[in-house]
Amino acid sequence: MARDNATEWLAAPRIGRILALLGLLSLPHMLQMPPWASAAVLLIGAWRLWIARRGLRLPPLLLRLLLAGALATALALHYGSFNGLEAGMALLVAMTAMKALETRSRRDCRLLIYLGFLLLLGQVLRSQDMPWLVWMLLGVVLNLAVLIDLQHPQALLPMRGNLRRAGLLALKAIPLALVFFVLFPRIPGPLWGLPQEGSGRTGLSDSMEPGNVSQLAQSDAVAFRVRFDGPAPPNRELYWRGPVLSRFDGIRWDPLPDEGGLPVPALQTSGPLIDYEIQLEAHGRKYLLALDMPLAPLPAQTYLNADYVLKSRQPVMDARLLPLRASTRWELAADAPRWQLGNYRRMPSGINPQTQALAATWAAESADSEAFVDRVLRHFRQQPYRYTLEPPRLTGRHRIDQFLFETRAGFCEHYAAAFVVLMRFVGLPARVVTGYQGSEPNGDYHIVRQSDAHAWAEVWIEGRGWMRVDPTAAIAPERIEYGLGAALGDSALLPGLARGYERRRDLAARLLLQWDRLDAAWNRTVLAFGPSLQRDFLRRFGVNELRDMLYALVAAIALVGLLLAAQVTWAHRRKPEADPLRAIRERLLRRAGIELPPAQRGPRQIEAALREAGLWDADSERLLAHYTRLRYARREPADPELLRGLRRALRAWPARRRPPRAPGG
Amino acid sequence: MDSTHDRARRALDAAGEIILGKPVPLRLAFAALLARGHLLIEDVPGVGKTTLAQTLARLCGLDYGRVQFTSDLLPADIVGLSIYDRNAGAFRWQPGPVFTQVLLADELNRASPKTQSALLEAMEERAVTADGDTRPLPEPFFVIATQNPLDQVGTFALPESQLDRFLLRVSMGYPEARDEQALLAGEDRRAVLARLQPLLDAPQLEAMQQACAAVLTSPALVSYIHALLAASREHADIRLGLSPRAGLAIRAAAQAWAWLDDREHVLPEDVQAVFVACAAHRLQPRQAHHESHGGEHLARVLLSTVAVP
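Those sequence lines, one after another, are chains A and B. Counting from 1 along the first sequence, just add 1264 to a position and that's the residue number in our numbering. Counting from 1 along the second sequence, just add 62 to a position and that's the residue number in our numbering.
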């Protein structure tokens, strides 16, 4: 059977370690890859191990090229292109496997380890959540341990020792990492700037159909966290304004385009100002959330649109920290000219005739607009309407009719939609506002979950401007006062953390809340440490300009370097004291400029090396014999007196050894 | 007057005339004799294992016995047995071939484990116990066992505990082209052997053995040997590390090696010279691949990892 000498060094246990490491580091990527690709990668790894086990030859170049080409092509076809994180990582994993298939030398092995570091880095692009920090540290230590293993020419070193050394190395790197983290100048953008595919994110969508808010409400994922500067307003005032939906096609509600050119309406506020900070989870869209109503100053890179929705200029792809100001007593667009309100009165014609008739009846009974609004709310309150996460499905053209007159059961979006339709039928401008309502205190901040998602309505009334009307408050006032758990009781659809406070006593829920605090701290201090936070932080230490920042960075690196150098010198200075003769031998070798492996520093071997270096003469022979006598021809360790003699001889030794001078020079 | 050392050198040179081109195995074999240890020669048939044993026995002026091990050999065939003497009306002890000074145990691994262990027991005790009597073996007592590589058919591998009783294991290997041609062109080795005059005798050998045991091992050297042992026990690829007995063997062999160099102290290089021969047969690789060279390879790896103090 064909055996390959070059692979003998890389016997099965050694390549096995490397393959196991790479397999572990690829795992998070392989879970995201198409199953056939993960299977191919695992097969290639197994093949490489089998080759090592049997001492076979590596597959020929042509076969490897074909295989690599086939894998790359298949991945390109699957992903469409290699742009984007998932496609890029899949290619990296596949090509790492191919590299293993041609790995035979120590250099190849090192390259594989470096690829292992890249695989780790790839995971950071995908998620920077705190648990992955642990994964990263673990991966770095494992990578280093195998890298240390490769340094030995022949033997496999015990893994425990490798891990200890690698752990120490990683520990020593932490100060440098901290220096870079704090001082390396940040560019605006996320910590890891890579556009991500917006899939898999939960959050409010930009449009609304009956059913999608109630679906969102079944998730207890964190939507955002809030930290109030002062006392938190009561729950019923916490309306977190998200997308405003004004366009209605009979089923769907959509926002007006921002490019419509309508001016941002005037806002008057009274009452106290509320300063707070939102720590928003990534949701992949452009809208932000703000307490009704947001006030200047707005955070950088954000604006208010004509519907008074706070928006970001870029999609929110990473957790973001937004310092905001709000007032909960407000008057919006009180003096808006009627031509600006046309969009909020538009209705598709010919649908929901029963509703239209009902609105007309009530309008005839009502003295003014406000009386009409009250009439509608009274209807919701007095008639047997139900508030539920599982409303019956609405079908057909006349869905509002069906809801108001037949099913009479719905979630907030049903009530908000029905309310707005009723308003519009009598010519009152109205719109649906989606967002979140309420919050849950946890330590010094509040959590707003997806289960707090909510929809309400705004209606424009002559002389008063836009008024918030929440029909849900008429049907299920507990929802607004105490949250979804209080309103729905023990609905099976309600996620554990969204239930009422009294259900929070159990340990699991409390642990999860504790974890949320850690997560919040991680997001606030580490992930959100962008240009502005960095500037604020460094200003406290008198570092104001980019130039100062760079100086500080260089100085800190130099300081850390000096400390490490000091540590290394200190560690190396201590050892020889225990064995003075070894120190003398090492000095002899240094002076002679001879490099010998530690396992070959016996006197005969030193003699041979001295001969080879052309340094063998009567002096060096005497010196070496002196050393050998003290080292190997005595039953007791040499005493200080004898050692002094040898040291003296050693000091004298190289002094006589000058480079031959040119005659007459 | 010749020093004992010069005599030893001359004996070694004379042996080199017969065993062509194998100075290192020859010197290791002689060192084993000087260190009062037993020698295991592992090699394919026909490379001169028997000649080596006979040469050593003759040069040292020692009695020489030989047992060809086969699978049907019984323990009594080696150690001897009591025979009922009808005339005397009593049992008479009939000593086996083990009662000699140099015993060549040829193809030891062809015998059954029971027979192997009878010999190995005698080697360890330097005495034979049978019928309740303990009979000491002659002094000096030196076993040269040969065995075929383990992958040959019809062999019983010696267990580790018994391999441990051999001080050294050497391989002869095929001769170099030049030496093999000299061998083919020259006289029959057996005839040369028959003419060979003893250069030593038992008392002289005894004196040499005592001189070897007196060669100084410094604390640094002891720590070197210990580091090698410790490394063998920690190494990931080694199933079973070196025993304390192996450490003593390394020391004794290194002393003999140093003495043959006419030195009164052991150098790390002496340890390195004997280490592979001392350790290879005692090291069991964890994985069974590369079976034939596993121990030797591991021993070299240990030598290359452990720093000289």
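Keep in mind that the hints are not guaranteed to be accurate.
[Unchecked claim] Sample of chain B residues lacking proximity to chain A, with all beta carbon distances greater than 12 Å (derived):
hint	residue
1	K176
2	P202
3	Y286
4	E296
5	S305
6	R325
7	R348
8	V368
[Said to hold, decoys possible] Chain B regions said to be covered by chain A (calculated; three or more residues, Cβ under 8 Å):
hint	region
9	160 to 173
10	248 to 254
11	272 to 285
[As the list claims (entries may be wrong)] The following residues of chain A were derived to be distant from chain B, with all beta-carbon distances above 12 Å:
hint	residue
12	R1278
13	L1307
14	P1563
15	A1570
16	R1639
17	P1795
18	L1810
19	P1867
20	E1871
21	A1872
22	Y1896
23	E1900
24	A1902
Derived from the structure by calculation, the hints contain no laboratory data. The beta carbon of each residue, even a glycine, is placed where N, CA and C say it ideally should be.
Results for each hint:
B/K176, annotated as away from the interface, keeps every beta carbon of chain A farther than 12 Å; the closest lies near 36 Å. Against the 12 Å criterion, B/P202 stays outside the reach of chain A, whose nearest CB is about 28 Å from its own CB. Its beta-carbon lying about 9 Å from the closest one in chain A, B/Y286 breaks the requirement of being farther than 12 Å from that chain. Not every C-beta of chain A lies more than 12 Å from that of B/E296, the closest at about 6 Å, which undercuts listing it as non-interface.
Once the 12 Å rule is applied to beta carbons, B/S305 is consistent with being away from chain A; the minimum gap is 20 Å. Interface exclusion of B/R325 from chain A breaks down, the closest Cβ pair being 9 Å apart, not more than 12 Å. A beta-carbon of chain A is positioned within 12 Å of the beta-carbon of B/R348; the least distance is around 8 Å. With a cut of 12 Å on Cβ distances, B/V368 falls inside the contact zone with chain A, its closest approach being about 6 Å.
Only residues whose beta carbon comes within less than 8 Å of a beta carbon in chain A count, and the region 160 to 173 of chain B has 0; fewer than three means the coverage is violated. By the rule of at least three residues with a Cβ nearer than 8 Å to a Cβ of chain A, the coverage given for the region 248 to 254 of chain B is violated, with 0 such residues. Counting residues of the region 272 to 285 of chain B whose C-beta lies closer than 8 Å to any C-beta of chain A gives 5; at least three are required, and the coverage claim holds. Under the 12 Å C-beta cut-off, the non-interface status given to A/R1278 relative to chain B is violated; the minimum distance is some 10 Å.
For A/L1307, the requirement that its beta carbon stay farther than 12 Å from each beta carbon of chain B is met, with the minimum near 22 Å. Interface exclusion of A/P1563 from chain B stands, the closest Cβ pair being 57 Å apart, more than 12 Å. Residue placement check: A/A1570 keeps its beta carbon more than 12 Å from all beta carbons of chain B (closest about 71 Å). Even its closest Cβ contact with chain B, about 84 Å, leaves A/R1639 beyond 12 Å, as expected for a residue assigned away from the interface.
A/P1795, annotated as away from the interface, keeps every beta carbon of chain B farther than 12 Å; the closest lies near 49 Å. The beta carbon of A/L1810 is kept farther than 12 Å from every beta carbon of chain B, the shortest such distance being approximately 50 Å. Remark: the non-interface label on A/P1867 conflicts with the geometry, its nearest Cβ contact in chain B lying 6 Å away (cut-off 12 Å). Once the 12 Å rule is applied to beta carbons, A/E1871 is inconsistent with being away from chain B; the minimum gap is 10 Å.
With a least CB separation of 10 Å from chain B, A/A1872 falls inside the 12 Å interface cut-off, contrary to its annotation. The beta carbon of A/Y1896 is not kept farther than 12 Å from every beta carbon of chain B, the shortest such distance being approximately 5 Å. With 12 Å as the threshold on Cβ separation, the claim that A/E1900 sits away from chain B is violated: the shortest Cβ distance comes to roughly 7 Å. Not every Cβ of chain B is farther than 12 Å from the Cβ of A/A1902; the closest lies at roughly 10 Å, contradicting the non-interface assignment.
Going through the hint list in order, the structure does not satisfy hints 3, 4, 6, 7, 8, 9, 10, 12, 19, 20, 21, 22, 23, 24.
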